[in-house]
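**Q** Residue numbering for the sequence shown follows my numbering, starting at 572 and increasing by one per position.
These aren't lab readings, by the way, just hints derived from the structure by calculation.
Mixed in with the good hints there might be a few duds.
Within a straight-line C-alpha distance of at most 27 Å, the following computed DSSO-like cross-link-like pairs (lysine-lysine) qualify [stated by the list, open to error]:
#, residue 1, residue 2
1, Lys618, Lys715
2, Lys618, Lys640
3, Lys715, Lys640
Label pairs and their calculated CB-CB ranges [said to hold, decoys possible]:
#, residue 1, residue 2, range
4, Gly652, Gly615, 27 to 35 Å
5, Thr619, Gly645, 30 to 38 Å
6, Ala607, Glu718, 27 to 35 Å
7, Pro604, Ser633, 17 to 25 Å
8, Gly671, Ser633, 15 to 23 Å
9, Arg716, Glu600, 28 to 36 Å
Fair warning: this is a prediction, and the values are worked out from it, not measured in the lab.
Where is the CB? At the ideal position from N, CA and C, for every residue including glycine.
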Amino acid sequence: MSWPTTCRLALVVACAAPAHAGTAAWEIERLAPCAAHVTPSPGGDWKTERLRGQLALSLPPSCERVEAKGFVHGGDSWRCGEIGVQVAWGIWGPSSFGEGVTTCAAEVGGTRVMIVREQADEGWIAVLLPTGDVHEPLLSASSKRVEDRRLAEAIVFSGRVSLPPDFTH
């Protein structure tokens, strides 16, 4: 195959891809569904944090905001006893996390999201909430203590997005 033929073939493939190809929402649609049902269970006294006008999450009253470090595109951090909570804004997809994790799709708060877990189940869980922007929020929580796992899950599953009217999945 000559160089011009290769270029024309690549151009046809690129033009045939949907306009939303490669976005987080598009990649999430291609993930296998999560085996377990996702049920957020924030308590009545939890506080709501709103970030960038697009994301809301609920946190137990014991959580305190801590200095956010190392976020290339911005982020926020909280400490909830032994649980660390972070929102990291970035360009995320199933390949963003390397080996040792599993990804699946589920509906959380009316939005189809990507759930990321460590295969070794060492206490880290994250939820990618597609907003349609270039930098989208990855809400994560971690604790080495097994007794904190349900609370960490409730925190990450409390995330909600407020999407612009022209956003399509």
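**Q** Could you run down the list of hints and mark each one as holding or not?
**A** Do the hints match the structure? See the list:
1. Lys618 - Lys715: Holds, because 24 Å separates the two Cα atoms, which is no more than 27 Å.
2. Lys618 - Lys640: holds, 23 Å
3. Lys715 - Lys640: At roughly 20 Å apart (the allowed maximum being 27 Å), lysine 640 and lysine 715 satisfy the hint.
4. Gly652 - Gly615: 27 to 35 Å: violated, 19 Å
5. Thr619 - Gly645: 30 to 38 Å: violated, 19 Å
6. Ala607 - Glu718: 27 to 35 Å: violated, 19 Å
7. Pro604 - Ser633: 17 to 25 Å: Since proline 604 and serine 633 have Cβ atoms about 33 Å apart, the given range 17 to 25 Å is violated.
8. Gly671 - Ser633: 15 to 23 Å: Given range 15 to 23 Å: violated, Cβ gap about 30 Å.
9. Arg716 - Glu600: 28 to 36 Å: Holds, since arginine 716 and glutamate 600 (Cβ atoms, about 35 Å apart) stay within the stated range.
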